[in-house]
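Undergrad: Here's the letter readout for the chains.
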Amino acid sequence: MNSKHRFSLLWVVFIVGLAVLPFVTPGTYVIGVMCFVAFYATLACGMAVLLEQAGIFSLAAPTFFGLGAYVAGILAAREILPPWAGIIFAALVVAAIAYIIGAPLLRLRGYYLACATFGLLFIVEIALAQSGEITGGHDGLMGIPPLSVVGFTLRGDFHYYFVSWVLCLGCLWFFFNMMNSRVGRAIKALHDSEVAASSVAINVPRFKLKVFVLTAVMASFAGSLYCFYLQFTTPSMFGFPLLVELLTMIVIGGATTLYGPVLGSVVLIWLREAIHVYLKGILPKLTAEVDAVFFGVLIVAILIFMPEGLAGGLDRLAHFGRRLLGKSA
Amino acid sequence: MASQPDSVLLDVQNVSRSFAGIRALNLVSFSVKRKKITAVIGPNGAGKSTLINVITGVYIPDSGGIHFGGSDIAGLPAHIVASKGIARTFQLEELFSSMTVIENAMTGCHGKTGSGMLACGFALPSARREEKRIREEAMECLAMVGLEEKALEPISRLPLGERKLVGIARALSMKPGFLMLDEPAGGLAGHEVERLVKLIHRLIEQGLTILLVEHNMPFVMSLSEKIVVLDAGVKIAEGTPEEVKNDERVIKAYLGQEL
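Going line by line, the protein sequences match chains A and B.
Adding 843 to a residue's 1-based position in the first sequence gives its number in my numbering.
Adding 260 to a residue's 1-based position in the second sequence gives its number in my numbering.
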């Protein structure tokens, strides 16, 4: 009961901080970066639930993110559907794809599933790049209009900041509720012991497929919003580099809690910004490779000193602090 | 089996199952009567655990029939068998180690509840009511095995004897008609075994049917009304504890062991 209370207090502080942030920071730079944090955090969270809670080693999050972006983007750019309807349509398409792909693939375990979804990542990226007439090919999809809902058009970082964080926190809230219900217990159970899970009438393949499709749909929502935010997408945005970033976020933040991946994406994206801002003078030819070196060092340091990620480290620190206070009092 | 009397709950007929050429079960037949304790004993490797796994759908039998309450369950997937009211525990516990004691017991309610993923994720009132009911039912089952005070402990912090009881509580929260206990007394201390015997008697009084797979001979002899003896996948004897104790083949199979 006590830990639950602390948990909600932490979230209240976080959400109030997010709400105040646009009004206390000058310009749109900070909230612009925070939009990316929200999109990435949504993806990383879904992926962490799959990896850590369900034990499903799927690397397909960038793929579903990209499909959500492209389907909604193409429909809006070609004026086939209004953006808001495109988002819903994209989610349905991605759900169907995740279902069709997941049904056979989720029979694979561990590394084999990782290999299969890793292949999917490249197949979709290449397909998007090669279907020039429909997707715009390597150059990317242009002419995506901004998101408009019932006559109100979202423009600029300020609007998308709120929309993206509502999506991210909404997904977190959904996961929190779900993981503390019969569905979440079924998902954790099938990870701990499949044979015991089926002995209490849990349909293991069905629940694996359900949580796989759920995270795919969330990734699709994030992707659709992402494409309306940038009004531009290229296939390479949804490829291997994004996967590596998501995994880095999960490792840095820690996958055992829901706020771990959020913390991971905040740290990773702001670290990247800091590298670019402060090291530009020293290393003018700054490329993604330099980022990779920094993140590599960070991952190694985290794995050595905080194997449960920042979230786990903070938990231990808080525990230590309380004991210290308790003793002095 | 039209002539099958009503008192028979589980009827296993000529069940065989091989693994890579080794016959783990060879034409095994026996029946379990309602509200009675039936035991399956046998030396190591006799096929006892395979038998449970074949009944619960973990393994599909190569041949033979398994009827539960009149319907054929041979070859059905494990979660369907479980939903018909067949609960089990595991020799190696197989508890959900990432959960607390009560959460383990709560998973037992899965088959009799139905809130979907969206209802749970959006915390709809119906899902929350169901969650509360699940918690109460799981708590009742923990109370039945005497673990209500450990409800919020993580599984890893419990000693072996209590972990075995959590497995039983999880099975009980399925509200089963038939319970299979796979070596429930294995590794337990004397006073823990006594506690288990009392619990099993109470469950029978409440109308449960129990199949016991066990190594602990005095435990089996004192509890069971019927004993089935397996050796190398073959049923070598069946009868009351007295009959089994004096059976030549059983004594031979257990050579050197006092029954």
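Wrong hints could be hidden among the right ones.
[Stated by the list, open to error] A few chain A residues that face chain B, going by a derived Cβ cut-off under 8 Å, partial list only:
| no. | residue |
| --- | --- |
| 1 | G999 |
| 2 | H1002 |
| 3 | V1006 |
| 4 | R1028 |
| 5 | D1035 |
| 6 | S1036 |
| 7 | V1038 |
| 8 | A1039 |
| 9 | V1047 |
| 10 | L1057 |
| 11 | V1060 |
These are calculated hints, taken from the structure and not from any lab test.
By construction, the Cβ of each residue, glycine as well, lies at the ideal position given by its N, Cα and C atoms.
Undergrad: So, A:H1002 near chain B? Judge it on the closest CB pair being under 8 Å.
TA: 25 Å, violated
Undergrad: Does the nearest C-beta of chain B fall within a distance shorter than 8 Å of the C-beta of A:V1038?
TA: Holds, about 6 Å.
Undergrad: Does the CB of A:A1039 sit less than 8 Å away from some CB of chain B?
TA: Interface hint status for A:A1039: holds (4 Å vs cutoff 8 Å).
Undergrad: Min Cβ distance, A:D1035 to chain B: is it shorter than 8 Å?
TA: 4 Å, holds
Undergrad: How about A:R1028: closest beta carbon in chain B under 8 Å, or not?
TA: 5 Å, holds
Undergrad: Less than 8 Å between beta-carbons is the criterion; does A:V1060 satisfy it with respect to chain B?
TA: Nearest chain B Cβ about 11 Å off; hint violated.
Undergrad: Using Cβ atoms only, decide whether A:G999 comes closer than 8 Å to chain B, and label the hint accordingly.
TA: Cβ of A:G999 sits 30 Å from chain B, so the hint is violated.
Undergrad: Does A:V1006 pass the interface hint, meaning its C-beta sits closer than 8 Å to a C-beta of chain B?
TA: 19 Å, violated
Undergrad: Grab the minimum C-beta distance from A:V1047 to chain B and call the hint holds if it beats 8 Å, violated otherwise.
TA: Given a least distance of 7 Å, the restraint on A:V1047 holds.
Undergrad: Would you settle whether the hint for A:S1036 is holds or violated, based on the nearest Cβ-Cβ distance to chain B being less than 8 Å?
TA: Hint holds; A:S1036 Cβ to chain B Cβ min 5 Å, cut 8 Å.
Undergrad: Identify whether the interface hint at A:L1057 stands, where standing means a beta carbon of chain B within less than 8 Å of its own.
TA: 6 Å, holds
Going through the hint list in order, the structure does not satisfy hints 1, 2, 3 and 11.
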